[in-house]
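Visitor: Top line first, the protein sequences correspond to chains Y, V, Z and A. So in this note's numbering, the last one in the first sequence is 142, and the numbering has no gaps at all. So in this note's numbering, the last one in the second sequence is 142, and the numbering has no gaps at all. So in this note's numbering, the last one in the third sequence is 142, and the numbering has no gaps at all. So in this note's numbering, the last one in the fourth sequence is 142, and the numbering has no gaps at all.
Think of the hints as simulated: they come from the structure by calculation, not from any bench. A hint or two may mislead.
Copies of one chain are not kept apart here, so a pair can be met inside one copy or by any two copies together.
Here are the simulated DSSO-like pairs of lysine-lysine, each with C-alpha atoms no more than 30 Å apart in a straight line [as the list claims (entries may be wrong)]:
| id | residue 1 | residue 2 |
| --- | --- | --- |
| 1 | K94 | K134 |
| 2 | K134 | K26 |
| 3 | K94 | K26 |
In this text, all values refer to a predicted model and were calculated from it rather than measured experimentally.
4 protein chains.
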Amino acid sequence: MNRISLEAARVIVRETLNHAEKAKMKPLSVAVVDAGGHLIAFERSDGAPAGRFDLARGKAYGSVMLGIGGTAQRDRAEAQAYFIAAANVAYGGKLVPVPGGFIVRNAEGDVVGGVGVSGDTSENDLAAGEAGIKAAGLVPEG
Amino acid sequence: MNRISLEAARVIVRETLNHAEKAKMKPLSVAVVDAGGHLIAFERSDGAPAGRFDLARGKAYGSVMLGIGGTAQRDRAEAQAYFIAAANVAYGGKLVPVPGGFIVRNAEGDVVGGVGVSGDTSENDLAAGEAGIKAAGLVPEG
Amino acid sequence: MNRISLEAARVIVRETLNHAEKAKMKPLSVAVVDAGGHLIAFERSDGAPAGRFDLARGKAYGSVMLGIGGTAQRDRAEAQAYFIAAANVAYGGKLVPVPGGFIVRNAEGDVVGGVGVSGDTSENDLAAGEAGIKAAGLVPEG
Amino acid sequence: MNRISLEAARVIVRETLNHAEKAKMKPLSVAVVDAGGHLIAFERSDGAPAGRFDLARGKAYGSVMLGIGGTAQRDRAEAQAYFIAAANVAYGGKLVPVPGGFIVRNAEGDVVGGVGVSGDTSENDLAAGEAGIKAAGLVPEG
Chain Y
1 MNRISLEAAR VIVRETLNHA EKAKMKPLSV AVVDAGGHLI AFERSDGAPA GRFDLARGKA
61 YGSVMLGIGG TAQRDRAEAQ AYFIAAANVA YGGKLVPVPG GFIVRNAEGD VVGGVGVSGD
121 TSENDLAAGE AGIKAAGLVP EG
Chain V
1 MNRISLEAAR VIVRETLNHA EKAKMKPLSV AVVDAGGHLI AFERSDGAPA GRFDLARGKA
61 YGSVMLGIGG TAQRDRAEAQ AYFIAAANVA YGGKLVPVPG GFIVRNAEGD VVGGVGVSGD
121 TSENDLAAGE AGIKAAGLVP EG
Chain Z
1 MNRISLEAAR VIVRETLNHA EKAKMKPLSV AVVDAGGHLI AFERSDGAPA GRFDLARGKA
61 YGSVMLGIGG TAQRDRAEAQ AYFIAAANVA YGGKLVPVPG GFIVRNAEGD VVGGVGVSGD
121 TSENDLAAGE AGIKAAGLVP EG
Chain A
1 MNRISLEAAR VIVRETLNHA EKAKMKPLSV AVVDAGGHLI AFERSDGAPA GRFDLARGKA
61 YGSVMLGIGG TAQRDRAEAQ AYFIAAANVA YGGKLVPVPG GFIVRNAEGD VVGGVGVSGD
121 TSENDLAAGE AGIKAAGLVP EG
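One chain only, chain Y, in its complex shape (with noise of 0.2 Å):
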């Protein structure tokens, strides 16, 4: 698999709320993109607030522009925040620089899309987001 099926963007959405719904989390959002940062699939649970779809999609799209995981964008705008101000400005606005942004690999290592969690803290996006990506038998770098 060399793009996101349909398929197995719908796993990654279902799997990534049902983590969250187990371990009783806020409601989510859940984005998955193309490895050119187009939308593939996005879910918003009942509850969620209206402003979630920018936040999820911006964790994803700005994790394939700039290939690395929403962790890695948080530590680079902890020590140099223009650089990822101006990164944000490069791409329409549609980077969010936190955990819960995921690079998407096949099992060769070839990345294949992007993945953006939204709705609790940082750390609990990252943790359901991981476990909907694994659960599609992909490769997640948050």
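Chain Y is already provided as a structure; the job is to place chains V, Z and A on it using the hints.
Guide: Just chains V, Z and A now, kept in the frame of chain Y:
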């Protein structure tokens, strides 16, 4: 119901795609938004072009924001292109004024959200979306 | 090949420019993007106006995002100008709907990227780009 | 030469990439702009993330527009982040204020264009770009 639930949104997406598959349409993309135009769910079929999200979401968003479905938007654009162009700028570019965009009402006639379908001819997009919305027990206004 | 390699992109750019030079066309500019619309390679010939990048990239980007080449975009714009105008805004202004924009497919028919050529008449841009894409062993859809 | 020719731009791009390959750097992307900041040439190496064009072009564009290279921009950002943020907005988001951005001068000291390199550490981007610009007989100011 005064807002499309995630469960209802899933039915809309799946039954729209099922209708398209049975009718041997091109690969469709489907966006479901709430009554404020904010995304609840989206799926892009395998094989659809990268840019389908912006078109499907634009059909849904513009329908909800203007309060008329895609067919009425097209008629207005044919009669008065500058009005639709101005509305598009006012809405931040998120208006795609052709059939395949729907206002969605509940049984009481309240607007509960919008749907946008993109990928085949506008007429086929319209037919597929109507099937999906009705399958969720809601009323399409395309 | 499921993505245009840099080596293939170089062949496309050079052979497009060679074709133009032999045919005594005006100085051309050529953009090659991947299937997500992201730039792989670009060259602007000496003597071309400063603004050619946005036109060449726009032809390539719009082709990939809409899933149709520049000729079909022009026909749609002639028939339904407001739709193409709306799509252009939805894509952030990066759509130039005239011949000289191409979807590029591999031998199996998969979309592997896009090409945009700008600088002479749309018809000459089209002819030069076709020559360049074929020289790389790929299939132009202009 | 008061403008980087396409031939010189090709030398810059190729020798920057050659330097990176010999030094076993990550896959780089290189943008060359004229003295007005308009793109002359760009190449993205196979394996680089999708978003590299915006970063490489931003480094080149910001250098030419501000009249200082990436190292001086970084120092200014460290000292006065709000100034660089304001400049970035003024320049439409096309400023990436870290090493790897260059003003390019000819032997007489005139600014003839700019170069942006992105993909490895800022320091490695800087070293690769210097090698490329010097190989074209021009003077880098990074």
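Visitor: Now look at each hint and say whether the structure bears it out.
Guide: For each hint, the structure was consulted:
no., hint, in the structure
1, K94 / K134, "within (25 Å within a copy, 34 Å between copies)"
2, K134 / K26, "both (21 Å within a copy, 27 Å between copies)"
3, K94 / K26, "both (23 Å within a copy, 24 Å between copies)"
Violated hints for the displayed structure: none, as all numbered hints are satisfied.
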